[in-house]
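*Asks:* Chains A and B are the protein sequences, given in the same order.
Take the first sequence: its position 219, counting from 1, is numbered 219 in the working numbering, and each next residue is one higher.
Convert by adding 277 to the 1-based position in the second sequence; the result is the number in the working numbering.
Please keep in mind that the hints were generated in silico from the structure rather than gathered at the bench.
It cannot be assumed that every hint is accurate.
Stated by the list, open to error - As a list, the in silico SDA-like pairs of lysine to any residue whose alpha-carbon atoms are at most 20 Å apart:
id : chain 1 : residue 1 : chain 2 : residue 2
1  : B       : Lys384    : A       : Pro105
2  : B       : Lys292    : A       : Pro105
3  : A       : Lys106    : B       : Lys384
4  : B       : Lys292    : A       : Thr8
Said to hold, decoys possible - Which residues of chain B face chain A? A few of them, derived with a C-beta cut under 7 Å, are:
id : residue
5  : Leu305
6  : Ala398
7  : Met407
8  : Lys421
9  : Asp431
10 : Asn533
As the list claims (entries may be wrong) - Here are the computed distance ranges between Cβ atoms for each label pair:
id : chain 1 : residue 1 : chain 2 : residue 2 : range
11 : A       : Leu86     : B       : Glu579    : 47 to 53 Å
12 : B       : Ser437    : A       : Ile11     : 56 to 62 Å
13 : B       : Ser471    : A       : Tyr13     : 24 to 30 Å
14 : A       : Ile192    : B       : Leu300    : 33 to 39 Å
Owing to the predicted nature of the structure, the values given are computational and were not obtained by experimental measurement.
Note that beta-carbon positions come from the ideal geometry of N, C-alpha and C, so glycine has one too.
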Amino acid sequence: MIKRTFLTNLIIYLCSALLVIFILSPLYLVAVTSLQLEKDIRSPNLNLIPQYLDFRHYIAIFRPDHIVPVLPAMRNSLIVSTLAALISVLIATPAAYALNRMYFPKSKVILRILISIYILPTLLFIIPLYIAWVNLGLFDTYIGLLILYTTFMLPFTVWVLGSFVKSIPIEIEEAAKIDGATTTQLLTKIMIPLLRPGLFACLIFGFVLSWVEFATPLIFTSEIKMITVSLGLYRSTVDIQIGQLAAAAAIITLPVILITLILQKQIQQVILTGADR
Amino acid sequence: MPDPRLHILGLQKEKRTAWFFVLPALMLVVCVYAYPIITTLVYSVTSIDIATYTIKEFVGFRNFQYIILNEFFSPTLMRTIYFGMMVVVMTILLAIGVSLLINIDFKGNKILRILILLPWAVPPVVSGVMWSQMFQYEYGFVNKIIKIFGGEGDTIWLGSPRLALHVLIITEIWRWLPFATLFIYAALQTIPRSVIEAAALDGAGYLKTVKGVILPIIFPGIIPVAIFLFVSAMKAFDTIFVLTAGGPRSGTTTLNYLVYLQGFQQFKFGRAAASAYILTALILFVIFVMFLLTRIASQRREMND
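Input sequences plus hints: build the corresponding full structure.
*Replies:* Structure representation (structure tokens):
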């Protein structure tokens, strides 16, 4: 350990402070704004430390006659995000196993194509999908959103689960094979239990990705009863109640922030294995 | 190591099971990616009747011609490239700084490592709302703080095309900093502490160690991050939509946002499809150039060694 001078320490803490300010200031601003009365939000004075906490904006946004139905939006987002994460893991697990461990011609090429989908702009797919969704009656439906959410994260999930599959020693499978296990048994009885941490991490990651999704519900839904949290927040920017907007922003961000703080290990793991090419 | 799959009889059966395992994923990918990619290509050379959503007529390259010859095109292209480059360069520089910082042992660096992840979890719509409140000219933090330090503090940040573009760049940097930092920090940790300490013992200052030892080692790890950041910037949509809606005076309209405007505001699907392909070409071109640059850089280094 190298001894540090006072000056070095000062620089370290100064840099840390600047970084914390950059990261936290917008979050802090919204939190404070959501707890202040409208007249204080618009006052020209800076009050970094609020003199009082007022929860009226939170009460206002949960009222049923509010411009954006916050509770239904949260219910929609919860349903679609949970299902999308589950389905994508359900579909990605056998695919990741087959492409990484089984005899499958051109599996490397398929994996590479899957991951390079990411570099294409989403709007390259959206127009034909929009037309198809309208024609198939999938517009403004849960199923329509689910298919899109699931597929948008599928390549990534297959890729990440693939790295988890590769990290499991092949000897375990060989031993099970000698004992007469079929391929399907290998997957369900051997792989899935061993993959549990990876599956859990992908579920969490998929849930957060779906929760924050904005463009998909914007384009593929129009009815107020299908509204999701991100879209709802945008709709409430039309109103000029800054405090209520901040309260809505805080409410929809809180769940994902909590998940990230509690499960930061899993999320870091997914992000890191995801682009480890 | 003997391949456990050498039983020829079992192989055929395994292949069939493997297909069965991959099929659901493949079907979704074909329907949601492959089919639209081709259809968009067809749309780009046609005009679409928006009442029936069917192809009206084949127009050749007229959509492309219209977009490229339009007076808005070259400013939009330049703006998109400038925006992308700024996001890539600034995020990476900042992420290198943050990684070096959290790599140092000091009280509080564990908290810093967790805090740095937070923007990742914030929905992009919320980041848009937050930063627009930060830069709001009347009650935003930024102007109020400028006032405290004796400035005028009356800049209408989101009212000028140039300033608004830079507010957007800051928002995107904030959003992608966690991701870039995680990667560069991971690359940094592959360097044994002894190497850094040895350089310090040689009398090289910290900055010299960073330049001579650390940066060359983490450089290959930076390229994929740069590509990822560039692609993300090219796909930026939510933040633009909420922060500025492409304005003022198209000052924050990137190519991607233009595709959205043409497709879902003007409902010119043919034109939007052509723009989407122009954007794709731009992304592929920049990735190609980045690869080329890494190639040249690594060859140079080999020659120097």
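*Asks:* Take the hints in turn and mark each one as holding or not.
*Replies:* Going through the hints against the structure:
no., hint, verdict
1, B:Lys384 x A:Pro105, "violated (52 Å)"
2, B:Lys292 x A:Pro105, "holds (8 Å)"
3, A:Lys106 x B:Lys384, "violated (50 Å)"
4, B:Lys292 x A:Thr8, "violated (61 Å)"
5, Leu305, "holds (5 Å)"
6, Ala398, "holds (4 Å)"
7, Met407, "holds (4 Å)"
8, Lys421, "holds (4 Å)"
9, Asp431, "violated (10 Å)"
10, Asn533, "holds (6 Å)"
11, A:Leu86 x B:Glu579: 47 to 53 Å, "holds (48 Å)"
12, B:Ser437 x A:Ile11: 56 to 62 Å, "violated (35 Å)"
13, B:Ser471 x A:Tyr13: 24 to 30 Å, "holds (26 Å)"
14, A:Ile192 x B:Leu300: 33 to 39 Å, "violated (18 Å)"
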